[in-house]
Amino acid sequence: MTMFFQQLVNGITQGGLYALLAIAYSLVYGVMGLVNFSTGSIYMLGAMSSWLVCKYIIESFWLSVLISFGVGFVVAFVLEKIAFSAIRGATRIASLICTIGFSQFINEAVALIFGKATQGMSTFFDQELFAFLGVHISVMQAVLVVTVIIILVALQFFVYRTRIGLAIRTVSMDEKTAGLMGINVNRTISIAFSLSGACAAIAGLMGAVYYRSFSAYMGWMPGIKSFSAAVFGGLSSMPGAILGGYLMGIIENFGVQVFSTGYRDVISFIVMIVFLLVRPQGILGSKKKVKL
Amino acid sequence: MSKEIVKLDDVCVCYGAIRALQGVSLSVEEGAIVALIGSNGAGKTTLLNALSGLVPVQSGHIFLRGEEITNEKPHIIAQRRIAHVPEGRKIFSELTVEENLRIGAYTQYKNKAKIEQLLHMNFELFPILAERRKQMGGSLSGGEQQMLAIARGLMSEPDIILLDEPSLGIAPIMVEHIFEFIRQINASGKTIILVEQNANLALETASYVYVLETGRIVNENTSDVLIHDDTIQKVYLGL
Chain W
1 MTMFFQQLVN
11 GITQGGLYAL
21 LAIAYSLVYG
31 VMGLVNFSTG
41 SIYMLGAMSS
51 WLVCKYIIES
61 FWLSVLISFG
71 VGFVVAFVLE
81 KIAFSAIRGA
91 TRIASLICTI
101 GFSQFINEAV
111 ALIFGKATQG
121 MSTFFDQELF
131 AFLGVHISVM
141 QAVLVVTVII
151 ILVALQFFVY
161 RTRIGLAIRT
171 VSMDEKTAGL
181 MGINVNRTIS
191 IAFSLSGACA
201 AIAGLMGAVY
211 YRSFSAYMGW
221 MPGIKSFSAA
231 VFGGLSSMPG
241 AILGGYLMGI
251 IENFGVQVFS
261 TGYRDVISFI
271 VMIVFLLVRP
281 QGILGSKKKV
291 KL
Chain H
293 MSKEIVKLDD
303 VCVCYGAIRA
313 LQGVSLSVEE
323 GAIVALIGSN
333 GAGKTTLLNA
343 LSGLVPVQSG
353 HIFLRGEEIT
363 NEKPHIIAQR
373 RIAHVPEGRK
383 IFSELTVEEN
393 LRIGAYTQYK
403 NKAKIEQLLH
413 MNFELFPILA
423 ERRKQMGGSL
433 SGGEQQMLAI
443 ARGLMSEPDI
453 ILLDEPSLGI
463 APIMVEHIFE
473 FIRQINASGK
483 TIILVEQNAN
493 LALETASYVY
503 VLETGRIVNE
513 NTSDVLIHDD
523 TIQKVYLGL
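The listed protein sequences correspond, in order, to chains W and H. Take 1 as the starting number for the first sequence in the numbering used here and just add one per residue. Take 293 as the starting number for the second sequence in the numbering used here and just add one per residue.
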């Protein structure tokens, strides 16, 4: 029982990171109908910028959050201008490959500058918050969980209660008609894309804090896993992506408990594949219904 | 004599090697209902799309109240009080009727009171939409969806409404209703540019009609004259 709750707590912590990343995929997929395969690299850049902040400026968690947010936002903004706006009208597959290329470019550039080795990250909030019947929760876990929830709530507010949010939702439904409604489609896509980058970068910062490390290639696994999580929850639905992210984190941690750490990645993917065989649109995703 | 509100001057549009519009010039007077008729592929929809910025214009000029709007982005043109009710209606099927209408008022998002007033006005004009306001757009019948599309267009308080095939795929009884609404909307002072395959309907409704064939205007006149034109009767009215 103790183990059950301990793994649940760990799963929720880790699931929060996946949820943030899954949202990043979902936002871009929503407005462009396209998967941004450089999300994992932006995650790594978020981790990198917080690592740099802590190493060279000041060991501050909250400053790192701000810097990561900014770096993710700007990098994604630039990526959208290069990979999408500039070659708009080209085939979708061209944009897709462009995001993969961009991802490789970022990873290798960072590896060249800071080396391929894993670097140590400052430790934050190392104290234990409380231990109850053998379940240990650290202050760090609590901070991560709460921060993720705050960001997710803020994002829901942004998307469902603001003008830009309405534009994002409308463009997600029908880009052409959105333009006819007076919505600046290009700007909306640019904002959604940048926001997605900011989410991914904050997830990266949290990854660095959680695992107390940073490396140039750290974005690959979380990137691919949270993509699966987003598909699992329903790529076209934001609540679905959040749910998928948390479920992925929880399943993974239970899997580690039942089998062994070596099977960590295998288990989550097997669960996802089996699930998608039964429900290909994901948990909350909907099949497009068109009435002509 | 009323003023010219929209003017196309020698407009050409190509889709790759296909020349959809080949030097079309036309002029629309403020407060008129102008119809474009012609068979499938004549370029009617392309003309509306060029006007609202959905397709790029290769050469020629489009003017709105004397100011050039050629190749402006769709949202800029929408903000200049042109509402395009697209072919196939393009309702947001996963949103409710009311949400669809609210998106139509996107350009006045900040003016909540105005939006409520416009909602009220549209529900009065289309009582069936008021009845269905909490229903999903996709669950409406074709005719109701067409009304919703028109109402959504009206939510931006346009001066000009572009209507693309409002009768397409709709029960005949509904078509009559919809054209009655179109006349009402026109009577409230809005200019209407109507694309219609049903030439009979177009000639009955519009004051001035342009006939398109393979991307060119081949005939134009007031509907009273065109309705007695031999070619029109043979080709488009099947008399």
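Simulated from the structure, these hints should not be mistaken for laboratory data. Heads up, the beta-carbon is just placed ideally off N, CA and C, and yes, glycines get one too. Watch out, some of these pointers could steer you wrong.
Below, a sample of chain W positions facing chain H; criterion: calculated Cβ distance under 7 Å [as the list claims (entries may be wrong)]: (1) 1; (2) 3; (3) 7; (4) 133; (5) 134; (6) 161; (7) 162; (8) 165; (9) 173; (10) 184.
Residue 162 (chain W) as an interface hint toward chain H, with CB separation required under 7 Å: Violated, because the Cβ-Cβ distance from residue 162 (chain W) to chain H comes to roughly 9 Å (cut-off 7 Å).
Interface hint compliance - residue 3 (chain W) to chain H, C-beta minimum distance less than 7 Å: violated, 42 Å
Proposed interface contact between residue 7 (chain W) and chain H, which counts if any beta carbon pair is under 7 Å: This hint is violated: residue 7 (chain W) lies away from chain H, its Cβ roughly 37 Å from the closest one there, beyond 7 Å.
Hint validity - residue 173 (chain W) Cβ closer than 7 Å to any chain H Cβ: holds, 5 Å
Minimum beta-carbon distance criterion (7 Å), residue 133 (chain W) to chain H: With Cβ-Cβ at 46 Å, over 7 Å, it is violated.
Supplied contact hint for residue 184 (chain W), tested at 7 Å Cβ to chain H: At about 5 Å, which falls below the 7 Å cut-off, the nearest Cβ of chain H leaves the hint on residue 184 (chain W) intact, so it holds.
Interface hint outcome for residue 161 (chain W) [beta carbon to chain H under 7 Å]: violated, 12 Å
Per-residue hint verdict: residue 1 (chain W), partner chain H, C-beta under 7 Å: violated, 43 Å
Status of the residue 165 (chain W) interface restraint (C-beta, 7 Å, chain H): This hint is violated: residue 165 (chain W) lies away from chain H, its Cβ roughly 11 Å from the closest one there, beyond 7 Å.
Hint check, residue 134 (chain W) versus chain H [nearest Cβ-Cβ separation less than 7 Å]: Residue 134 (chain W) check fails; min Cβ-Cβ to chain H is 47 Å, beyond 7 Å.
When each numbered hint is compared with the structure, violations occur for hints 1, 2, 3, 4, 5, 6, 7 and 8.
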